[in-house]
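J.: Listed below are the residues making up each chain.
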Amino acid sequence: MSSISLADQLEDAIEVMIAEPDSSPPRVGLKIGELLAIAAELRLLPDPEFRAALKSELLGQHPTLPVTTHLDISQQAPQSRPARQDARLDEILPTLFEAGDRTCPVHRWNFAISAAIHAALIAVVATAGLWMTKQAQLTPHTASVLLTDIGAYALPPAIDKSGGGGGGGDRDKLAESKGSLPRFAREQMTPPAIVVRNEQPKLPAEPTVVGPPGLTVPPASQTGNPLSAILEPPSNGTGFGGGIGNGGGGGIGAGEGPGLGTGHGGGTGGGVYRVGGGVSAPRAIYDPDPEYSEEARHAKFQGAVLLWVIVGPDGRPRDIRVQRSLGMGLDEKAIEAVRRWKFEPSTKDGHPVAVQVNIEVSFRLY
Amino acid sequence: MKALENQNDERLQVAAAQEDPARFAELYENNFERVYSYVARRVENREEAQDVTADVFHQALAGLPRFEWRGLPFAAWLLGIAANVLSDRWRRFARQQEVVTDDLEQVGIEDDVEQRAMLHQLVETLPDDQRRVIIRRFVGQKSLREIATELGRSEGAIKQLQLRALQNLRERIRSNHV
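From first to last, the protein sequence lines are chains A and B. Numbering follows my numbering, in which position 136 of the first sequence is assigned residue number 136; successive positions increment by one, without gaps. All you need for my numbering is the position in the second sequence, starting with 1, plus 1000.
For reference, chain B alone in the conformation it holds in the complex:
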């Protein structure tokens, strides 16, 4: 029942965005992590994943007027675009990757993509000091010492914050699964 309500909400969001592109923000917020995770799982490189994600959303916004609701989640359409972009990209770089391109509408939302997307969203829910440490450590690729210097804390305190942040994420993943 709730899934049906979500589907209706999403359908209204799509219709609104088709009328007013400014309303695309809601669809972007709801699907960014999903698309990014899908792409990141395949390129295993943050910069490239970000480039592809940007291409996907630009193409989605441009093609939004042509979107027709066929009962599939909007994310499936976005992931179809993402598969296409990746395919073009790999073809351009002559890399052999197995990507489904024949029936893009049938691109499913894999569980691990959903889990990774959920994990990325959970980072945003962490306490500020823990979130700052995680972002600097894994996005900025900085050492604990560098982070300690930036935040004006001791290296040991940063190490503890990193531990608590990961423990928090683990607990939240578990609670979400329950």
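Here chain A stands alone, though its shape is the one from the complex:
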């Protein structure tokens, strides 16, 4: 039998078998019979496309399957991942429990570090109340005291000096000449003069200097500056504003104002007025507290700074000096604060005058 006829015979038998599957197999030779038996088995050969499709379907659904295990660790495959305890966790934290599709490896330490940082932040926020309370205990409190404040009452006039001074002159080329002082009075009508420029004043008045009225000095033949060493020729001095000396303001001496000496604003004794003797105390009307320095706050340093201050007739402090230092930046903080203060100025005889006061600035931590 040729191979062609064998192929034909086989095909004929297969044709019958496929067309009539329930009929008995056709009678064929042994060789054909073996091949026909194999062909009969092939009638139910699975479709390769079905095989591949089912595989894709099965593998495509695995991420949603609940996965738990009853096997011991020893039974796990070498390449298998660690057992998961709860499939729900996979859904909640897929990056931690290695569920789902990933393009990068899972590093559980990253999760642990992230969790620790979040826990620390939550702890900081949760304890912020205690924290802030402790800080509040260290909040600086400052107090400033005007040590020379004696209230709104002006002291009665004193009979001795209370500070102050004056000076004058009429821009002469010569220094003032020596002489005796004019009478002290509370108010000055006419400044003293050695060389009288106006011989016929319309309203004559006795020359005086401002100072304690009860203060007397030995009389001399002519008016002048008793401290001057020049006897002749007579001169009112190189100052300005009338009076005698090289100052200004109608007094006698090198100061400013209608008093005597090197001070300011009238009176004698030099310097500015001090409270008392008819000089009222200035009253602070704007006194912001100083700040605490960072250095002192960290060191929990406390204390008080004593400042020497002149309060001018305009009510503003000037010439601020530290009399008792505290350090740690608190001196500067105290000066900085007091410099911004505003006072109702001291008055003498109803006129605002510069006055020297002491101010204590306290720094406390409660």
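Because the hints were derived from the structure by calculation, they are not lab data. Be aware that one or more of the hints could be misleading.
[As the list claims (entries may be wrong)] The calculated lysine to aspartate or glutamate pairs, modelled on DMTMM-like cross-linking and capped at a C-alpha distance of 20 Å, are: (1) B:1142 / A:8; (2) B:1142 / B:1155; (3) A:55 / B:1155.
[To be verified] Computed footprint of chain B on chain A, listed as stretches where at least three residues anywhere in the stretch have a Cβ under 8 Å from a Cβ of chain B: (4) 51-58; (5) 112-124; (6) 291-298.
Source: prediction; values computed, not measured. Yeah, the Cβ is synthetic: ideal placement off N, Cα and C, and Gly gets one too.
Assemble the complex: chain A is given as a structure, and chain B must be docked to it using the hints.
T.: Below, chain B alone, put in the same frame as chain A:
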């Protein structure tokens, strides 16, 4: 000894698939023909056999976490599921078939099932032109003429390819048995 090694390999494959369902592919590849042949022998219809086979593998994948190794091959567990699916199916269609359902773990792997599974696997090893003819002829139920037209060959050439394919399968079955 080799059987023991295979059993250990299969056990590792099962454990891996229980941890990672993506590893189920290996078990599927190793057991598809076995399950399909078991089902096909009982339903004698390709479409129904494919439906049942699909049900079996879906149930197997879903129930894999509950699988416990008891010394039987994994295929026995799959065939137990297949017996269950067939039983349900026949009950639904009120057909009287004798299927062991009481002790599904005891469902054995019959020799003819193994032979048919082996035959299906051998088809995949045929040369491409022969395999294409076999698939079209027995799966597609196409005539030689239709196959010749599709593949651009003569009807006689297709007939020869069919003959050589079946002869090849016979030789390979024999060599496997030896």
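J.: With reference to the structure, classify each hint as holding or not holding.
T.: Hints versus structure:
1. B:1142 / A:8: holds (16 Å)
2. B:1142 / B:1155: It holds: about 12 Å lies between the C-alpha atoms, which stays within 20 Å.
3. A:55 / B:1155: Between residue 55 (chain A) and residue 1155 (chain B) the Cα gap is close to 35 Å, so the pair fails against 20 Å, i.e. violated.
4. 51-58: It holds, with 5 qualifying residues against the three required.
5. 112-124: violated (count 0)
6. 291-298: It is violated: at least three residues are needed, and the segment 291-298 of chain A offers just 0 whose Cβ sits closer than 8 Å to chain B.
Checked against the numbered hints given earlier, the structure breaks hints 3, 5 and 6 and satisfies all the rest.
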